[in-house]
Structures are given as structure tokens and as C-alpha cells.
Amino acid sequence: MSLLAGIDICVRFCVPLFAGRIGWDNNSFFLLGVMSMAMGRVVLATCQSYYVVLLVAVMIGFGKGFRTVFMALVIPTHVPLHKLPGATGIQLLTAGIVYFSFGPVVGWIKDNASTAVTLHCLNIFTWLTALSWGIMKYIASRKQKDKEEVLNA
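The opening residue of the sequence shown carries number 6 in the numbering used here; numbering runs sequentially from there.
Source of the hints: derived by calculation from the structure; they are not laboratory data.
Note that this is a predicted model, so its numbers are computed, not measured.
All residues carry an ideal CB built from backbone N, CA and C; glycine is no exception.
Now the in silico label distances, taken between C-beta atoms and shown as ranges:
| id | residue 1 | residue 2 | range |
| --- | --- | --- | --- |
| 1 | SER146 | TRP113 | 39 to 45 Å |
| 2 | LYS142 | LEU98 | 22 to 28 Å |
| 3 | HIS83 | MET6 | 31 to 37 Å |
Model the full structure from these sequences, guided by the hints.
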């Protein structure tokens with residue numbers, strides 16, 4: 006846990022230094038963080054030796070740092086400034102409803118199944134989010150390409 010927290014804090018401090026140079030959008034950085042956390046949980050579900058757990062702590066700490074920094078930046082990239090308070094409120098309300106709804110389900114899974122099953126169930130929503138964002142990016146790039154073709158024609 007200390008290694009995970011240390012990596013998390015280091016990433017939070019270092020991300021602003023190189024994120025602007027890479028040129029990705031906030032969604033991509035957020036998705037990188039969430040996916041590295043998910044991959045860490047997959048590795049932890051399959052292997053539990055001491056050195057693997059240390060590697061997983063580094064992976065999850067890295068992901069938590071990215072997720073925490075870019076979580077607050079994802080919504081403002083899609084919403085105009087005058088609608089940002091409402092959008093943030095809707096996001097927080099939805100998160101609360103999801104936590105209250107699925108929290109007992111995750112607890113039931115944890116009580117009635119192995120830790121590996123619980124970790125895989127937690128990853129289902131992560132993979133669904135990654136898939137939906139990937140489809141969204143593909144559709145947006147196709148629309149942009151079609152607009153450019155119409156303008157150039």
C-alpha cells in the first residue's frame with residue numbers, strides 16, 4: 006500500500022510536466038490511468054507472488070495518479086463553461102446512485118466468490134467504458150474525415 010501511494014503521489018506531481026508535451030486529450034490520459042488500474046487488477050487476480058504484488062502496486066499507483074489528475078478534466082473538455090456546474094452535479098449524482106446501487110452487489114460477489122472473481126467483476130465496467138470511448142473516438146474521427154472531404158471537394 007505504501008508503494009502504491011508513493012507512486013500515486015509521484016505521478017500526480019510529474020504528470021503536468023509531460024502531459025502537455027505528449028499532446029493527447031484528457032480522455033486518453035484518463036483512460037490510460039483507468040486501464041492501467043484494470044490491468045493491475047487482472048494481474049493481481051491471476052498471480053499473487055510477492056514480486057508480482059509489488060509490480061501490481063506500481064501499476065495501480067501509476068493508474069490512480071493519472072485517473073485522479075484527469076478525472077476533473079474530462080467533463081470540461083465536452084461541456085461549455087456556463088454548463089459546467091450542472092454537468093459536474095449530474096456526474097456526481099450519477100456516481101452516487103451507481104455506488105449505492107452496485108455497492109451491495111459488489112459486496113455480495115465478494116462474500117460469495119473468490120477475490121479473483123470480484124476483481125474481474127470490477128473490471129467489467131472499466132472494459133465497457135474503454136470500448137465505448139474507443140467507438141466514440143472512431144465515430145468522431147470518421148465524421149471529421151468526412152467533413153474535411155466535403156470541404157476539400
